[in-house]
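Trainee: Going down the list, the protein sequences come from chains A and B. Each number in the numbering used here corresponds to the 1-based position in the first sequence with 13 added. Each number in the numbering used here corresponds to the 1-based position in the second sequence with 1 added.
A few of these clues could be false.
Stated by the list, open to error - Which bits of chain A does chain B cover? Going by a derived footprint, with three or more residues having C-beta under 8 Å, they are:
{"#": "1", "stretch": "50-56"}
{"#": "2", "stretch": "60-69"}
{"#": "3", "stretch": "113-126"}
Unchecked claim - From the derived model, a few chain A residues whose C-beta atoms are all more than 12 Å from chain B:
{"#": "4", "residue": "74"}
{"#": "5", "residue": "75"}
{"#": "6", "residue": "94"}
Since the hints were derived computationally from the structure, they do not count as laboratory data. Even for Gly, the Cβ is constructed at its ideal location relative to N, Cα and C.
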Amino acid sequence: GAGVSQTPSNKVTEKGKYVELRCDPISGHTALYWYRQSLGQGPEFLIYFQGTGAADDSGLPNDRFFAVRPEGSVSTLKIQRTERGDSAVYLCASSLTGAANEKLFFGSGTQLSVL
Amino acid sequence: AQSVTQPDIHITVSEGASLELRCNYSYGATPYLFWYVQSPGQGLQLLLKYFSGDTLVQGIKGFEAEFKRSQSSFNLRKPSVHWSDAAEYFCAVADAGGTSYGKLTFGQGTILTVHP
Numbered sequence: 014g015a016g017v018s019q020t021p022s023n024k025v026t027e028k029g030k031y032v033e034l035r036c037d038p039i040s041g042h043t044a045l046y047w048y049r050q051s052l053g054q055g056p057e058f059l060i061y062f063q064g065t066g067a068a069d070d071s072g073l074p075n076d077r078f079f080a081v082r083p084e085g086s087v088s089t090l091k092i093q094r095t096e097r098g099d100s101a102v103y104l105c106a107s108s109l110t111g112a113a114n115e116k117l118f119f120g121s122g123t124q125l126s127v128l
Numbered sequence: 002a003q004s005v006t007q008p009d010i011h012i013t014v015s016e017g018a019s020l021e022l023r024c025n026y027s028y029g030a031t032p033y034l035f036w037y038v039q040s041p042g043q044g045l046q047l048l049l050k051y052f053s054g055d056t057l058v059q060g061i062k063g064f065e066a067e068f069k070r071s072q073s074s075f076n077l078r079k080p081s082v083h084w085s086d087a088a089e090y091f092c093a094v095a096d097a098g099g100t101s102y103g104k105l106t107f108g109q110g111t112i113l114t115v116h117p
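Here chain A stands alone, though its shape is the one from the complex:
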């Protein structure tokens, strides 16, 4: 596609449930990032993939959060035993090589609401 695609755009779940959020980056982009944006805050880094591997997962808040990118393109962010505090917009971004001075292309995000 022309841009970064995230699905679903909205996800409502109950506390304790498992959710998966999908990101389809721009074709050919080797770098993929997940960020989380809470209400009234700037995006916060979660995890960075270079190809299929997670090069930096230092932003994942705890072991309930996990992300994969098995074929080096689509990525899935997985959240187990969701908590109300997980409610936020989850943003995905990709860039061509991952260089620090590259432009990041962001998706429109998935609004996650945990009731």
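Go by the hints and put chain B onto chain A.
Mentor: Okay, now just chain B, sitting in the frame of chain A:
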């Protein structure tokens, strides 16, 4: 750890007026600096970026920003605001070290309202 401060949570200007959004960063060396804009329902879009060289950088939509090392600032400016500029603006920094990648630290954002 690096940090970014945007002192103004909300700014209101009249259409046609000039605009300056403030950004201060804390970092041990000169980082890579960015301004992104977020409109409702849309993804973050890069306005401009600074890496080195000329401290005044030009971006899209008529925006510019000036890097001032002595003040650790990277303020965003526009000489004449249009109603379509109403959005939320984020300043961000990335580590410019040798093994760095595009991991951004964002400020909390400034919401811009434009009055007709």
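Trainee: Indicate, hint by hint, whether the structure satisfies it.
Mentor: Consistency of the hints with the structure:
A stretch counts as covered by a chain when three or more of its residues have a beta carbon under 8 Å from one of that chain; for the stretch 50-56 of chain A and chain B the count is 4, and the coverage holds. Here's how the stretch 60-69 of chain A fares: 4 of its residues keep a CB closer than 8 Å to some CB of chain B, so the rule of at least three is met and the hint holds. Coverage of the stretch 113-126 of chain A by chain B holds in this model, with 10 residues showing a Cβ closer than 8 Å to a Cβ of that chain against a need of three. Chain B leaves residue 74(A) outside its interface by the beta-carbon criterion, the shortest separation being 16 Å against a cut-off of 12 Å.
The claim that residue 75(A) lies off the interface holds: its Cβ sits roughly 19 Å from the closest Cβ of chain B, which is beyond the 12 Å cut-off. At the 12 Å boundary, the C-beta of residue 94(A) stays outside the reach of chain B, the nearest C-beta of that chain being 27 Å off.
Figure legend: structure checked against the earlier numbered hints; every hint is met.
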